[in-house]
Amino acid sequence: MNPHIVPALASAALLLAPGLALAQAAPPPAWAQGRSPEMANSTLAPHAGRLTVTPPDQLPTAQLRVPEGFQVELWAHGLPGARVMVRGPNGTVFVGTRGIGRVYAVREEGNERRVSTFMQGLQQPSGLAIRDGALYISAINRMLRVDNVEQNLSNPQPVDLTSAFNLPEAPHHGWTHIAFGPDGRLYVPRGVPCNICDTDGERYALIASFNPDGTDRRIEARGVRNSVGFDFHPRTGQLWFSNHGRDWAGNDNPSDTLHVNLRRGEHHGFPWCASGWQDPAVSGRLCSEFPPPALILGPHVAPIGTHFYTGTAFPERYRNALFIANRGSWNRERLAGYEVVVVREEEGGRLVQEPFLTGFRDDANQRFLGRPAGVLTMPDGSMLVSDEQNGAIFRISYRR
Amino acid sequence: MRALAFLAAALLAAATPSWAPAWAGDATRGAALAEARNCGACHGANGISPVPLMPSLAGQQAEFLLVQLIMFREGLRPVPAMVEPARGLTDAEIEDLAAFYAALPSGPAATDPRNEALATRGAELSAARNCGTCHRPDYSGQAQVPRINHQREDFLVHTLAEYRDNLRVGMDTQMNGVMHGLTNADIRAIAHYLAHR
Chain A
1 MNPHIVPALA
11 SAALLLAPGL
21 ALAQAAPPPA
31 WAQGRSPEMA
41 NSTLAPHAGR
51 LTVTPPDQLP
61 TAQLRVPEGF
71 QVELWAHGLP
81 GARVMVRGPN
91 GTVFVGTRGI
101 GRVYAVREEG
111 NERRVSTFMQ
121 GLQQPSGLAI
131 RDGALYISAI
141 NRMLRVDNVE
151 QNLSNPQPVD
161 LTSAFNLPEA
171 PHHGWTHIAF
181 GPDGRLYVPR
191 GVPCNICDTD
201 GERYALIASF
211 NPDGTDRRIE
221 ARGVRNSVGF
231 DFHPRTGQLW
241 FSNHGRDWAG
251 NDNPSDTLHV
261 NLRRGEHHGF
271 PWCASGWQDP
281 AVSGRLCSEF
291 PPPALILGPH
301 VAPIGTHFYT
311 GTAFPERYRN
321 ALFIANRGSW
331 NRERLAGYEV
341 VVVREEEGGR
351 LVQEPFLTGF
361 RDDANQRFLG
371 RPAGVLTMPD
381 GSMLVSDEQN
391 GAIFRISYRR
Chain B
1 MRALAFLAAA
11 LLAAATPSWA
21 PAWAGDATRG
31 AALAEARNCG
41 ACHGANGISP
51 VPLMPSLAGQ
61 QAEFLLVQLI
71 MFREGLRPVP
81 AMVEPARGLT
91 DAEIEDLAAF
101 YAALPSGPAA
111 TDPRNEALAT
121 RGAELSAARN
131 CGTCHRPDYS
141 GQAQVPRINH
151 QREDFLVHTL
161 AEYRDNLRVG
171 MDTQMNGVMH
181 GLTNADIRAI
191 AHYLAHR
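Chains A and B supply the protein sequences, listed in that same order.
So that you can map any letter, position 393 of the first sequence is 393 in my numbering, and since no number is skipped, the others follow by simple counting.
So that you can map any letter, position 139 of the second sequence is 139 in my numbering, and since no number is skipped, the others follow by simple counting.
Treat the hints loosely; a few may be bogus.
[As the list claims (entries may be wrong)] If we take Cβ atoms under 7 Å as the criterion, some of the chain B residues that face chain A in the derived model are:
(1) Glu-63
(2) Glu-74
(3) Gly-75
(4) Leu-76
(5) Glu-95
(6) Ala-143
(7) Gln-144
(8) Met-171
(9) Thr-173
(10) Gly-177
[Stated by the list, open to error] Some, not all, of what chain B presents toward chain A, calculated at C-beta under 10 Å:
(11) Gln-61
(12) Phe-64
(13) Val-67
(14) Ile-70
(15) Met-71
(16) Asp-91
(17) Ala-92
(18) Gly-132
(19) Thr-133
(20) Cys-134
(21) Arg-136
(22) Pro-137
(23) Val-145
(24) Gly-170
(25) Asp-172
(26) Asn-176
[To be verified] Derived DEER-like restraints, expressed as beta-carbon distance ranges:
(27) A:Arg-344 to B:Ala-127: 43 to 51 Å
(28) A:Pro-56 to B:Glu-35: 25 to 33 Å
(29) A:Thr-117 to B:Glu-35: 23 to 31 Å
(30) B:Ala-185 to A:Pro-55: 46 to 54 Å
(31) A:Asp-57 to B:Thr-28: 21 to 29 Å
In short, the hints are calculated from the structure, not lab data.
Predicted, not measured: the structure shown is a model, and the values here were computed from it.
C-beta atoms are modelled at their ideal positions from N, C-alpha and C, and glycine is treated no differently.
Take the sequences, apply the hints, and build the full model.
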């Protein structure tokens, strides 16, 4: 399943190495494909994640800012790589990761909140979903289910559903977010195994749904470069998903985006069009052929958690609003993202986004203090936000 | 040693302005731990490996060392020789070991004769794959991206083949992509070029 690298994109590498017979079979690393000539000497590279415990006194808790009336506090720490969060019916919060290969469990025991490593040794278990007391875990190319999970926290015996789901084997962009839809089906996106390429659209660049046992695969959305966060509108049930634009096209293009999938199988533009921007590296189809995104989020901001607030403790204007955790840029000279934004519908249906949780990005010094990734509404109407860089979880609450 | 570790941390911060690592491993404690766990038997007392197929660690990027030690401990990078040495290491111990090896001066380039044709071929292959973007133009690495100069040629051959054959995966999947389709001869050329810089 090798993606066909668009010839124009590989040409830079070919020019540098005439006579490199294997160049076409050997794509440059995914993040370096499609690099414009002026970025050929760039030293931008993905930021190192931190995989060791960050002590509480080194967390940016005091630097974090929320709108007036809200408070932010440290809820849990000592979970290196903490990314996605789901909550079991008995109150256990499960936390998925990427590089460190763990799934954590956070439980309240008496007056104590305890963090334990629930599973480990998985390849990037970044997708978690709960249904009927079972925890579904997606790691690269794998799907596991732990039945009665909260009764088996100390000795989980996962059922391996990998062969039933038959996910594509290419590891790149193979870490997924998963969630059950209102239709009871498990939604599993699959990003592209490249930065920009004309790939197999039946296998990659899509969001699919399955029966919980992995049967009856259906493509829900096409032309999606890499969605690692989505949710279903609390009233309409529509699938809203965020999407990462490609790298190496410049500081400000393309933007990352928010989409709503209005029809099953709808095509959202990859590889030809991203955030209304016609990618010069690929020809064949025009932006005008695809539905525009619901909202432009910003260049390289890297939306992860994409979550409708379903509680009632926040003020009216936040009910059913969409919270997006922008983990923050690497392929941009000045930092962008590193904050949670809230997307609200104004009168007339216009969508607007506002900063909600800020303070992770230090503009003056061009450094970041943390990387927000997961968002979860708690039963009391408070909100949890994970910080993947620091392995911490913050709680945001509202007090009139 | 503490001063060296501080210098290493300062250099690290300069190379990666975006993320100011809050962790601060202690190179002195790391040196004691390296001795207790007998790391030098394979990796050399000064971090420059005298043993075939064992990597030199001197001057290696601290964050790279840290990530690899965690992957050994978590069973995510299966190397039999590292199972026992990594068993039960705490996060703090891993940070100390990383600080110790990062602060040691990296070794010289290989002293055996340089094969010009092979090195030229390796240089071409490296340029075509933009190795110098992440590993820096002098191949000294940055943050979680390792130093790949001043390394044993035989180890480079071994580890590049592991990436190509998907026997080794890093923090992400970049190196598997970059090595895809390279022949053993290509790998020998890249390793020879890097080791002789």
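Hint by hint, here is what the structure shows:
1. Glu-63: 5 Å, holds
2. Glu-74: 6 Å, holds
3. Gly-75: Where the cut-off is 7 Å and the nearest Cβ of chain A is about 5 Å from B:Gly-75, the hint holds.
4. Leu-76: 5 Å, holds
5. Glu-95: 6 Å, holds
6. Ala-143: 4 Å, holds
7. Gln-144: Interface hint status for B:Gln-144: holds (4 Å vs cutoff 7 Å).
8. Met-171: This interface hint holds because 4 Å falls under the 7 Å limit.
9. Thr-173: 4 Å, holds
10. Gly-177: Cβ of B:Gly-177 sits 5 Å from chain A, so the hint holds.
11. Gln-61: Since the shortest Cβ distance to chain A is 9 Å, the answer is holds.
12. Phe-64: At about 8 Å, which falls below the 10 Å cut-off, the nearest Cβ of chain A leaves the hint on B:Phe-64 intact, so it holds.
13. Val-67: 6 Å, holds
14. Ile-70: 5 Å, holds
15. Met-71: The hint holds - B:Met-71 has a Cβ within 10 Å of chain A, the shortest such distance being about 8 Å.
16. Asp-91: Check passed: Cβ of B:Asp-91 comes within 4 Å of chain A, closer than 10 Å.
17. Ala-92: 8 Å, holds
18. Gly-132: 8 Å, holds
19. Thr-133: Cβ of B:Thr-133 sits 6 Å from chain A, so the hint holds.
20. Cys-134: This interface hint holds because 5 Å falls under the 10 Å limit.
21. Arg-136: Hint holds; B:Arg-136 Cβ to chain A Cβ min 7 Å, cut 10 Å.
22. Pro-137: 8 Å, holds
23. Val-145: Holds, because the Cβ-Cβ distance from B:Val-145 to chain A comes to roughly 6 Å (cut-off 10 Å).
24. Gly-170: Hint holds; B:Gly-170 Cβ to chain A Cβ min 9 Å, cut 10 Å.
25. Asp-172: 7 Å, holds
26. Asn-176: 6 Å, holds
27. A:Arg-344 to B:Ala-127: 43 to 51 Å: Roughly 49 Å apart at Cβ, these two residues keep to the hinted range, so it holds.
28. A:Pro-56 to B:Glu-35: 25 to 33 Å: Since the Cβ atoms of A:Pro-56 and B:Glu-35 sit about 32 Å apart, the hinted range of 25 to 33 Å holds.
29. A:Thr-117 to B:Glu-35: 23 to 31 Å: Since the Cβ atoms of A:Thr-117 and B:Glu-35 sit about 30 Å apart, the hinted range of 23 to 31 Å holds.
30. B:Ala-185 to A:Pro-55: 46 to 54 Å: 49 Å, holds
31. A:Asp-57 to B:Thr-28: 21 to 29 Å: 22 Å, holds
Every hint from the earlier list agrees with this structure, and none is contradicted.
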